[in-house]
Amino acid sequence: MKKLYILLLAAIAFTFGSCNKETATTQTDVMNRMLTNKNWYLDYSITGTSTKSYVGQSTYFVTYLKDGTTKDSDGLTGTYSVEVIGDQSQIHVQLKTANGNPLEVIYNIISVGGSNLVLSKVVTTGTPTQLYFTSK
Amino acid sequence: MRATRSFSNKCLLLFSILSIAASSLTAQTLTKKQQDSAYLLNPSQERIRKIKKSLAKKFVNFVGNDVSLFGALALSKQNINDNGVTAPINYVYNTVNNNTFNTGYSGGFRIDGIYKEKHRYAFSFAINRISVGNNYKNKYSLSPFIEDFTHFKADNNFTTLSIAAHYKKLLPVNAMNKYKFYAVFGPSFDYKISRISNEQLINGAGNRAIINGDLGAEFDNKGYYILYAHYKLGANLFQSTVPVQLNRFEIGMSIKAKDLF
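Chains as they are written, first to last, in the numbering used here: chain A, 23 to 158; chain B, 490 to 750.
By construction, these hints were calculated from the structure, which means they are not laboratory data.
Please read all numbers here as calculations on a predicted model, not as lab measurements.
Take these hints with a grain of salt, some might be off.
Coverage of chain B stretches by chain A, computed from C-beta distances (three or more under 8 Å per stretch; other residues unrestricted) [what the hints assert, rightly or not]:
| hint | segment |
| --- | --- |
| 1 | 663-671 |
| 2 | 681-691 |
DSS-like mimics (lysine-lysine), calculated; alpha carbons at most 30 Å apart, straight line [as the list claims (entries may be wrong)]:
| hint | chain 1 | residue 1 | chain 2 | residue 2 |
| --- | --- | --- | --- | --- |
| 3 | B | Lys546 | B | Lys607 |
| 4 | B | Lys628 | A | Lys60 |
| 5 | B | Lys542 | B | Lys681 |
| 6 | A | Lys60 | A | Lys118 |
| 7 | B | Lys628 | A | Lys143 |
| 8 | A | Lys60 | A | Lys88 |
| 9 | A | Lys158 | B | Lys546 |
| 10 | A | Lys74 | B | Lys628 |
| 11 | B | Lys546 | B | Lys522 |
| 12 | B | Lys658 | B | Lys566 |
| 13 | B | Lys626 | B | Lys542 |
| 14 | B | Lys546 | B | Lys745 |
| 15 | A | Lys158 | B | Lys658 |
| 16 | A | Lys143 | A | Lys88 |
| 17 | A | Lys158 | A | Lys88 |
Each residue gets a CB set at the ideal place from its N, CA and C atoms; glycine is no exception.
Excised from the complex, chain B in its bound form:
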């Protein structure tokens, strides 16, 4: 009985292997139409090729581009000026004010290269989960109430998409052929993609676009990886009833994509 069951199991296994092999064989066999199209120009591929060619022509001075993936820890705090809020809403100051840096994270990719063989740059694209400590600049009180309050409550967790263009200045520190230190600066732009709460939208204060000035240092270990620390000082891109100053410290690491995959 056991021998019969074992035989039938083996048959099943053999059948499965044969069917997988057969299906893979059929997958490799091209149809007449596929065979014909292999010799013809694919319009979409041709378009991509043309775009690549045109970009290469336009950005001829941008050379040595390396794509890296990065991850970073972000410490954030925002200073909030709610003087412009007219809505008669109060939040007890001590419950919403948190004058500390909270921890978030970000990840994305960056392109490092050299412009005209002289100026080093980095373009980065990231998604950021920002957890932020809120520091409210103004306190209000309504006598005979004792407690201080604010008129506005900002979101302390949000997600942004960001782009950055950084200029990298090589610093003459140590053996520059092995380890490279850079001073980095440039602008970056964040766009909030997470839902903005109704509390933050009061009086049109819910600004999604943030423009930053970035400053930092980077350590390149023989091209294997880059360790970096950036400080970002951000403000609303558009005028708002509640001007917000966003301070961020990012500590991260980037590794070349070709070393990873």
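Isolated chain A (complex conformation):
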């Protein structure tokens, strides 16, 4: 009978212990799924109090592909990775300029969804620019 109680207690402990199965990659998996294989069209850019609207215009777009590569409408190509550093989600983009020089750009992800994306370009000096994209 004692053995039965121990087994029962072990089963209860196992059941409650396995309540949460969030892994370190859960958040990046979800964000990657929302980000990839879409053309993200720039609708607005906001720097401080200055808002520029590109709605209805033939404008800049960027694509993040599932294989970890990225390209934009300006012809820039490179690789990217989605990372969560502390509480901040970021896109790290490694680009090659037209001259073939490597360039790293980091964006803080303000919000990412199935059809809306808001990024803030990380800058060392000055006011960061927020970029508002929609996928069409």
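With chain A held as given, fit chain B onto it using these hints.
Chain B only, in chain A's frame:
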């Protein structure tokens, strides 16, 4: 030619019947070892007998236990508070919000009895397929985006195993020797056994355990069957970044197992 074929078919049939009969006869013949063990105590059977005896001693006040099988239709809706989610994820509010009761189902068995010949109770064990309408309490927006969004997307289909302990209060309605009406209340516990999506696991929101308070009414038709309607108000058993309030209406029927089998 036809007569020869018919004769061979009959022979085949006869042979098949004889072989089946022979095999059944051999199955009934016990080996020496089986004959010996029939006279000896079977350790596992003995253990079960002892457990039954010990349970009967402990639960001596729980009498008149009837096992019934039940099936129910469940209408469910959950209210979701995603204030605690910090992940920068957005879901367009109108595409994920569905403030209605969706239909699921559940089935299982229950044990009805009387404690100390006074207090009626029912213990039930069920498996539930819950289809739920999700009502998100919070809307967010990011100017200059117009659309409202939420930070969190809850699963709207999941499976749970549940146990419930209900107290049944006999109501003085109509001819109580024929039809019995009960008011029912008590706690129940659900544990999600289906896979939780990554969207629901964000920020540790994927809580599997739900504790409910149940309230309902039951109609017992001369012991032939019970019709019941229960309301269950549930919440996460453990603290979560996304507190969920699960509302369920269950309408079901239970029939005594001995009447079915």
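Quick one: see if chain A covers the segment 681-691 of chain B, three-plus residues with Cβ-Cβ under 8 Å. Holds: 5 residues of the segment 681-691 of chain B have a Cβ under 8 Å from chain A.
Are the Cα positions of Lys158 (chain A) and Lys88 (chain A) separated by 30 Å at most? holds (18 Å)
Take the C-alpha atoms of Lys158 (chain A) and Lys546 (chain B), compute the straight-line distance between them, and say whether it is at most 30 Å. Violated: Lys158 (chain A) and Lys546 (chain B) sit about 70 Å apart, past 30 Å.
Three residues or more, CB to CB closer than 8 Å: is that satisfied between the segment 663-671 of chain B and chain A? Since 0 is below three, the answer is violated.
Agreement of Lys546 (chain B) and Lys745 (chain B) with the hint, judged by alpha carbon distance not exceeding 30 Å: This hinted pair holds, its Cα atoms lying about 25 Å apart.
Does the structure keep Lys658 (chain B) and Lys566 (chain B) at a Cα separation of 30 Å or less? holds (28 Å)
Taking only the CA atoms, is the gap from Lys628 (chain B) to Lys143 (chain A) under or equal to 30 Å? holds (26 Å)
Within 30 Å, alpha carbon to alpha carbon, are Lys158 (chain A) and Lys658 (chain B)? With Cα atoms ~60 Å apart, Lys158 (chain A) and Lys658 (chain B) exceed 30 Å; violated.
Checking one constraint from the list: CA of Lys628 (chain B) to CA of Lys60 (chain A), max 30 Å. Satisfied? holds (25 Å)
Lys143 (chain A) paired with Lys88 (chain A) [C-alpha distance capped at 30 Å]: Given that 30 Å is the threshold and the Cα spacing comes to 22 Å, the pair holds.
Given the proposed pairing of Lys60 (chain A) with Lys88 (chain A), does the C-alpha separation stay at or below 30 Å? holds (10 Å)
Within a Cα-Cα threshold of 30 Å, do Lys626 (chain B) and Lys542 (chain B) meet the stated pairing? violated (52 Å)
Checked against the numbered hints given earlier, this structure breaks hints 1, 5, 9, 11, 13, 15; the rest are met.
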